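Going down the list, the sequences are from chains A and B. Counting in this note's numbering, the first sequence runs from 1 upward without gaps. Counting in this note's numbering, the second sequence runs from 1 upward without gaps.
Keep in mind the hints are simulated off the structure, nothing from the lab. There's no promise every hint is true.
What the hints assert, rightly or not - Pairwise CB distance ranges (calculated):
#1 B:I52 - A:A76: 36 to 46 angstroms
#2 A:V79 - B:V256: 49 to 59 angstroms
#3 A:H169 - B:T135: 51 to 61 angstroms
#4 B:G106 - A:V79: 51 to 61 angstroms
#5 A:L175 - B:L260: 50 to 60 angstroms
#6 B:R108 - A:G271: 17 to 27 angstroms
#7 A:A76 - B:P193: 51 to 61 angstroms
#8 A:L175 - B:Y16: 49 to 59 angstroms
#9 B:R134 - A:G173: 40 to 50 angstroms
#10 A:Q183 - B:R107: 25 to 35 angstroms
#11 A:P129 - B:G180: 25 to 35 angstroms
Claimed, not checked - Which chain A residues stay away from chain B? Per the calculated CB distances, all over 10 angstroms, these:
#12 T39
#13 I59
#14 R61
#15 L151
#16 D160
#17 W186
Treat the numbers as computed from the prediction; the structure is a model and nothing was measured. In this text, a Cβ means the ideal position worked out from N, Cα and C, and glycines have one as well.
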Amino acid sequence: MINSSSAASDSTSPPHDAASPAASRARWLFGERRRPLFTPYLFLAPGFFVFALVMLYPIVRALQISFYEWSILPTAESVFVKFANYERALHDAVFWRGLVNTAAYMVATVPTQIVLGLIVAVLLDTRMPARTFFRVLYYLPVITSWVVVSLLFKYLFSSDAGFVNWVLHDGVGVLDHDVAWLQSRWTALAVVSVLGVWKGVGWSMIIFLAALQTVPKDLHEAAAIDGAGAFRRFRHVSLPAIWPTLLFVTVMLVIGGFNVFISIFLITGGGPAEETEVLLTYMYRQAFDFLDFGYGSSIAFLLTGIVFTLSLLQLRFLRRPTEFRA
Amino acid sequence: MVGSTYRQGGILTLRYVLLAAGGVVMALPFVYMFSTSLKAHAYVFEIPPRLIPKEPTFANYQSAWSSNSFDRYFLNSVIVASATTVISVVLSSMMAFAFARYEFWGRRLLFGLLLIGLMVPTMMLIIPQFLLARTLGLMDSLSGLVLFYVGGTLALNTFLLRGFFENIPKELDEAMIVDGARAWTRFRRLFLPLSKPALATVAIFSFLASWDEFVWALTVINDPDKRTLPIAIALFQGEHATSWGLVFAASVIAVVPVILVFVTFQRHFVGGLTAGAVKG
Numbered sequence: 001m002i003n004s005s006s007a008a009s010d011s012t013s014p015p016h017d018a019a020s021p022a023a024s025r026a027r028w029l030f031g032e033r034r035r036p037l038f039t040p041y042l043f044l045a046p047g048f049f050v051f052a053l054v055m056l057y058p059i060v061r062a063l064q065i066s067f068y069e070w071s072i073l074p075t076a077e078s079v080f081v082k083f084a085n086y087e088r089a090l091h092d093a094v095f096w097r098g099l100v101n102t103a104a105y106m107v108a109t110v111p112t113q114i115v116l117g118l119i120v121a122v123l124l125d126t127r128m129p130a131r132t133f134f135r136v137l138y139y140l141p142v143i144t145s146w147v148v149v150s151l152l153f154k155y156l157f158s159s160d161a162g163f164v165n166w167v168l169h170d171g172v173g174v175l176d177h178d179v180a181w182l183q184s185r186w187t188a189l190a191v192v193s194v195l196g197v198w199k200g201v202g203w204s205m206i207i208f209l210a211a212l213q214t215v216p217k218d219l220h221e222a223a224a225i226d227g228a229g230a231f232r233r234f235r236h237v238s239l240p241a242i243w244p245t246l247l248f249v250t251v252m253l254v255i256g257g258f259n260v261f262i263s264i265f266l267i268t269g270g271g272p273a274e275e276t277e278v279l280l281t282y283m284y285r286q287a288f289d290f291l292d293f294g295y296g297s298s299i300a301f302l303l304t305g306i307v308f309t310l311s312l313l314q315l316r317f318l319r320r321p322t323e324f325r326a
Numbered sequence: 001m002v003g004s005t006y007r008q009g010g011i012l013t014l015r016y017v018l019l020a021a022g023g024v025v026m027a028l029p030f031v032y033m034f035s036t037s038l039k040a041h042a043y044v045f046e047i048p049p050r051l052i053p054k055e056p057t058f059a060n061y062q063s064a065w066s067s068n069s070f071d072r073y074f075l076n077s078v079i080v081a082s083a084t085t086v087i088s089v090v091l092s093s094m095m096a097f098a099f100a101r102y103e104f105w106g107r108r109l110l111f112g113l114l115l116i117g118l119m120v121p122t123m124m125l126i127i128p129q130f131l132l133a134r135t136l137g138l139m140d141s142l143s144g145l146v147l148f149y150v151g152g153t154l155a156l157n158t159f160l161l162r163g164f165f166e167n168i169p170k171e172l173d174e175a176m177i178v179d180g181a182r183a184w185t186r187f188r189r190l191f192l193p194l195s196k197p198a199l200a201t202v203a204i205f206s207f208l209a210s211w212d213e214f215v216w217a218l219t220v221i222n223d224p225d226k227r228t229l230p231i232a233i234a235l236f237q238g239e240h241a242t243s244w245g246l247v248f249a250a251s252v253i254a255v256v257p258v259i260l261v262f263v264t265f266q267r268h269f270v271g272g273l274t275a276g277a278v279k280g
């Protein structure tokens with residue numbers, strides 16, 4: 001995926017001419033030597049300055065803040081408290097509930113998005129009319145803003161005259177009463193998870209579809225001649241071929257699952273009574289409602305640590321498809 | 001291949017049935033949103049709910065656009081997203097050119113730092129970024145939003161463009177060097193024109209990311225005149241909890257440009273998304 005080894009260099013020398021010393025010095029600094037001294041840095045400077053200022057510096061700063069009882073006022077002194085903010089998190093019941101809720105959201109949404117995305121991709125992986133139409137349709141929720149779809153689902157699942165209650169209760173009759181979806185922990189998390197799957201399935205579908213199209217057609221044909229049915233062809237031909245993609249999608253979805261924020265923030269606000277708080281909503285509230293920047297930063301760092309660890313573990317244990325198929 | 005035409009036809013029908021069933025689930029929330037935006041306030045909580053409004057009206061759109069300042073918020077979003085897109089594409093294509101065509105001291109380190117920026121969850125940095133914006137006097141300003149959006153999109157854009165630039169044949173560079181073209185000329189006359197599809201991809205990514213961004217804008221913008229569409233919609237819903245018709249009229253106003261951009265450029269979009277994700 002990342003190819004940092006193939007360093008490109010200008011292999012040709014510029015036409016040699018005996019110019020003045022000033023001109024030759026200028027060429028040495030900016031010109032087309034094998035290793036021009038300044039040219040690449042001049043191209044990098046403006047972009048990298050912005051990147052370093054608003055991304056790299058804040059990373060370092062976040063770590064620093066997490067070790068302080070941070071004072072919001074520039075004039076007041078911040079107190080260095082070592083690991084106190086981290087210890088506080090480990091003894092904070094709401095932090096743990098947020099972690100459990102985040103994990104629950106992940107467990108509910110990641111496998112579902114993978115399976116549904118793969119099914120839709122397999123269905124679309126053929127020459128058929130209206131293929132682009134379906135691809136665009138399934139992808140629409142992905143590009144729609146989280147704010148809009150969160151408010152939309154809040155309205156669809158509202159308890160008074162909500163569309164979903166009407167369908168399930170009066171329409172299909174699965175429920176014998178209206179459900180107050182957003183008023184209790186697990187139903188509210190279910191709503192947010194349904195939203196997450198609905199919004200995300202198009203993304204995994206697009207990635208899987210691109211991967212399936214790289215599977216050689218003659219492999220499928222050979223397997224078909226050997227008498228393999230569609231399901232066995234999928235399992236023994238397509239699945240091993242798209243395994244790296246499956247791994248990539250899993251890692252990205254896990255990271256995405258841990259970053260769940262806007263939907264909870266706008267649909268339940270972490271309520272009722274902090275029951276549906278996830279790590280990021282709790283972090284945001286600590287920082288910008290209670291102005292406890294030190295504690296907020298430590299939660300952010302714990303979250304990042306968990307995400308990085310999980311990604312590494314996944315890459316380590318899901319690497320070889322043979323292990324999985326055994 | 002195996003299977004009669006009859007069976008193949010049956011499978012194709014099954015495909016359509018399943019895809020259409022899923023498609024209804026994908027489309028229904030949007031349809032209901034649009035239909036609600038056409039309903040007068042009295043019909044928003046009507047039982048049974050109607051997909052096709054009884055007396056459709058554009059009153060919500062008029063009200064959102066003029067009396068609730070969504071014209072202003074729309075303009076703010078256009079300014080912020082356009083500026084972010086232009087600046088980010090220019091800066092990231094310059095960086096990608098340096099990474100793709102030069103060997104220099106610190107090359108691997110700088111590229112590694114860029115990849116860190118790609119992996120760090122953006123929410124993690126919101127506290128130090130808030131302090132930075134305050135120090136720089138960029139609270140409540142649209143240019144402050146642009147600076148941070150550019151910083152947030154640079155890593156991905158540079159990464160994607162570098163991959164594309166590396167595939168441009170070196171012979172073309174060499175031909176231009178022989179003609180005496182300096183680096184900037186090659187960048188402008190060779191790399192940019194040849195990379196239009198890749199540039200379109202990163203431009204669309206940057207535009208959509210900054211058009212939809214919510215958390216950062218919510219955190220640093222307090223002045224109602226500086227609101228962008230996402231925070232304006234969320235705050236409006238918070239203040240007028242039951243005015244769903246108006247909320248969704250504003251939402252449709254925010255979503256339609258995104259859908260138009262996506263449908264027009266969806267090929268570039270898919271290409272950029274899957275670059276790096278799929279081998280081969």
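Original post:
Would you say the C-beta atoms of L175 (chain A) and L260 (chain B) sit inside 50 to 60 angstroms of each other?
Top reply: This hint is violated: roughly 39 angstroms between Cβ atoms.
Original post:
At the C-beta level, are Q183 (chain A) and R107 (chain B) separated by a distance inside 25 to 35 angstroms?
Top reply: Since Q183 (chain A) and R107 (chain B) have Cβ atoms about 56 angstroms apart, the given range 25 to 35 angstroms is violated.
Original post:
Lying within 25 to 35 angstroms: is that true of the beta-carbon distance P129 (chain A) to G180 (chain B)?
Top reply: violated, 53 angstroms
Original post:
Per the stated criterion, does the least C-beta distance between W186 (chain A) and chain B lie above 10 angstroms, as a non-interface residue requires?
Top reply: Fine: 22 angstroms to the nearest Cβ keeps W186 (chain A) off the interface.
Subject >> Status of the stated non-contact between T39 (chain A) and chain B (beta carbon gap over 10 angstroms) >> reply: violated, 5 angstroms
**OP:** Evaluate the given range 51 to 61 angstroms for the C-beta pair formed by A76 (chain A) and P193 (chain B).
**Re:** holds, 55 angstroms
**OP:** Given the range 51 to 61 angstroms, decide if the beta-carbon distance of H169 (chain A) to T135 (chain B) lies inside it.
**Re:** Taking Cβ atoms as reference, H169 (chain A) and T135 (chain B) lie about 54 angstroms apart, which means the hint holds.
Original post:
Is it true that the C-beta distance of R108 (chain B) to G271 (chain A) lies inside 17 to 27 angstroms, as the hint says?
Top reply: violated, 48 angstroms
Subject >> C-beta pair R134 (chain B), G173 (chain A): status relative to the range 40 to 50 angstroms that was hinted >> reply: Because 56 angstroms falls outside the window, the suggested range is violated.
**OP:** Compute the least Cβ-Cβ separation between D160 (chain A) and chain B, then decide whether it is above 10 angstroms.
**Re:** Label violated. Min Cβ-Cβ 6 angstroms, cutoff 10 angstroms.
Subject >> Cβ separation check - L151 (chain A) to all of chain B, threshold 10 angstroms >> reply: Check fails; 5 angstroms does not lie beyond 10 angstroms.
**OP:** Note whether the CB distance of G106 (chain B) and V79 (chain A) lies within 51 to 61 angstroms or breaks it.
**Re:** violated, 37 angstroms
Of the numbered hints listed earlier, those contradicted by the structure are 1, 4, 5, 6, 8, 9, 10, 11, 12, 13, 14, 15, 16.
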